[in-house]
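There are 4 protein chains.
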Amino acid sequence: MDKDIIVSWMEAGMIQVPNLLMQKYKQIGLDEKELALLLHILSFIEAGNEFPTPEQLAGRMTINSSECSGLLRKLVQMQILSIEEGLSEDGIRFEKYSLSSLWARLADELKFDKKQNGLKHTLLEEH
Amino acid sequence: MDKDIIVSWMEAGMIQVPNLLMQKYKQIGLDEKELALLLHILSFIEAGNEFPTPEQLAGRMTINSSECSGLLRKLVQMQILSIEEGLSEDGIRFEKYSLSSLWARLADELKFDKKQNGLKHTLLEEH
Amino acid sequence: MDKDIIVSWMEAGMIQVPNLLMQKYKQIGLDEKELALLLHILSFIEAGNEFPTPEQLAGRMTINSSECSGLLRKLVQMQILSIEEGLSEDGIRFEKYSLSSLWARLADELKFDKKQNGLKHTLLEEH
Amino acid sequence: MDKDIIVSWMEAGMIQVPNLLMQKYKQIGLDEKELALLLHILSFIEAGNEFPTPEQLAGRMTINSSECSGLLRKLVQMQILSIEEGLSEDGIRFEKYSLSSLWARLADELKFDKKQNGLKHTLLEEH
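Here the protein sequences come in this chain order: A, B, C and D.
Under full-length UniProt numbering, the first residue of the first sequence is numbered 1, with each subsequent residue one higher.
Under full-length UniProt numbering, the first residue of the second sequence is numbered 1, with each subsequent residue one higher.
Under full-length UniProt numbering, the first residue of the third sequence is numbered 1, with each subsequent residue one higher.
Under full-length UniProt numbering, the first residue of the fourth sequence is numbered 1, with each subsequent residue one higher.
Rather than coming from a laboratory, the hints here were simulated on the basis of the structure.
Incorrect hints may have been included.
In this list, chains with the same sequence are indistinguishable; a pair is considered to hold if it fits within one copy or across any two.
[Claimed, not checked] Simulated pairs of lysine-lysine, DSBU-like, Cα-Cα distance not exceeding 35 Å:
#1 LYS96 / LYS74
#2 LYS3 / LYS24
#3 LYS120 / LYS3
#4 LYS3 / LYS111
#5 LYS74 / LYS3
#6 LYS120 / LYS26
Excised from the complex, chain A in its bound form:
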C-alpha cells in the first residue's frame, strides 16, 4: 500500500512555481485569488488539459464559475493570460491558454530590479 501511495503521488505530479511569481504578483496587480487561478491553469496544462473551462477551474476553488469567468476575462485584459489558437494533428482548430506574457512580465520586473540595483551601486560609488 505504501508504495502505491508514492507512485500515485509522483504520477499526480507537481507544478513548478517561480519564486519570482510569489515575490512579484502583488506588484503586477494580482491578488491571491488571481494567483491561485493562474496556478490552477498551470496545473491543468501540466495534466494535459490546455483549455480548462471556468466550471472545471471553479470546481477546485472557493469561487463559483461566473466569478471565475470574470477573473479569466480580467487576466486576459491585463495581458497576463492569453488564449492561443492551435491546430491538432487531424487539422482540428483548438484553443489553449498561454502564460508566456506572465513570464515576460516577470522578466521585465527582474530587469527593472537589476537596473535599479546597478543605479544604486553607481550612486554609492560616486560618493
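On the provided structure of chain A, position chains B, C and D as indicated by the hints.
Quick look at chains B, C and D alone, frame taken from chain A:
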C-alpha cells in the same frame, strides 16, 4: 544582459507545488488566501528563511500583518502548519515552520480516494 | 529579446528529479548512463512523447542507438522501467514507458532506511 | 506508516532539471557522468551543502573520488562549473559551487537556435 536574466531567474529558484494540493485544498477546508500563505512559507523556506515573520509574509500579500497572524494561527489550529523547535550548530534554539502535516493530510486524501475507487470497482464487478 | 529567452526557457520546462533517486541509484544497481537514460525518458514524457525510440533517446546521449536499446532492455529486466499498453481516444492501441516501478523501489529503500534507523534508536536506548 | 513515507519523500525534496540541459549537454561537450556530477552538485546545494567534497560526490556515484576530482577540474576548466567565495555572517570565508555559467551557456544555445530558426524562416520567405 539576456544571460544575466536566465541566471537570475534560475537563482531565484522555483517551488514545487504538488498537483494534489491544488486539487484538494478546498476539500481540506482552505481558501485561496490560505493556499497562497502556505506557498509563501514554502518559498521562504526554499530561500533559507525557515521562520518568516507575519510582516515578511504579509509584505508579499494583499493582506496586512495582523490578518496574516490570524491566518497563521488558524492553519496551526487546523493542524496543517506546525511550528517545530530546532537547535543550531552553536546550540541556539530556533523555531521553524513545518508543512509535514499538510503532506500527511494529502496522503490521507489520496488513500481515501483509492479506497473509494477500489470499492466502486468491487461494486461494479459484482453486477 | 531578453523576454523571449525567459519565455522559451519556461516553455522548454523542467523535469523534477527526486533527491532520493540521486542518493540511491547506485544502491539499486544503476550507473550514470542508466540514470541519464531514465531522466531522458522523463524529459520526453514531460514533453508529451510517452514512448521515445532508442534513436531519439540516443540522439541526446553519447551512446549509439543499439547501445541504448540494450540499456532499455536491461532496465526493463531489472523491473525499474516498464512498458504499458494504452488505448487512445480513437481506440488505437499504443505503448508507453512507465517509471512507477522506479518510484516504488525508491519508496522501499526509504522504508528500509526508516526501519534501520528505528532499530538503531531502540538499540541505543537499551544502553 | 504510509503517511510517514510521503512526508519523508517530500522532505527529501526534488531538484529541478531544465529540459534544455537534457537536450543540450552533449552539444556543449558533456557526457552522462559529467551530467550526473552536475546534478549531484545541484542536489547537495538544494540540501544546504554548497561545497560537497569529491568524496561526498563520488560516494553516490560509480566513480572513485580521484576520478571525481578530475571531472570537477575539467568542468571548471570548461567554464561550466565555478567556485565562488562567500563570507558567512560570522565573517568566515567559505567556498561554494556555482552553476550560473551553465545556465548562461544554455541561454546562449537557446539564442543561437532562435537566430538559426529566424534565418531559416527568412530564407524560406525569400523564395
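Do the hints match the structure? See the list:
1. LYS96 / LYS74: within (17 Å within a copy, 37 Å between copies)
2. LYS3 / LYS24: Close across copies (16 Å), not inside one copy (38 Å); limit 35 Å.
3. LYS120 / LYS3: Close across copies (21 Å), not inside one copy (53 Å); limit 35 Å.
4. LYS3 / LYS111: Answer is between: at 10 Å across copies they meet the 35 Å cutoff, but 45 Å inside does not.
5. LYS74 / LYS3: between (43 Å within a copy, 23 Å between copies)
6. LYS120 / LYS26: within (23 Å within a copy, 41 Å between copies)
Violation of the numbered hints given earlier is absent; every hint is satisfied by the structure.
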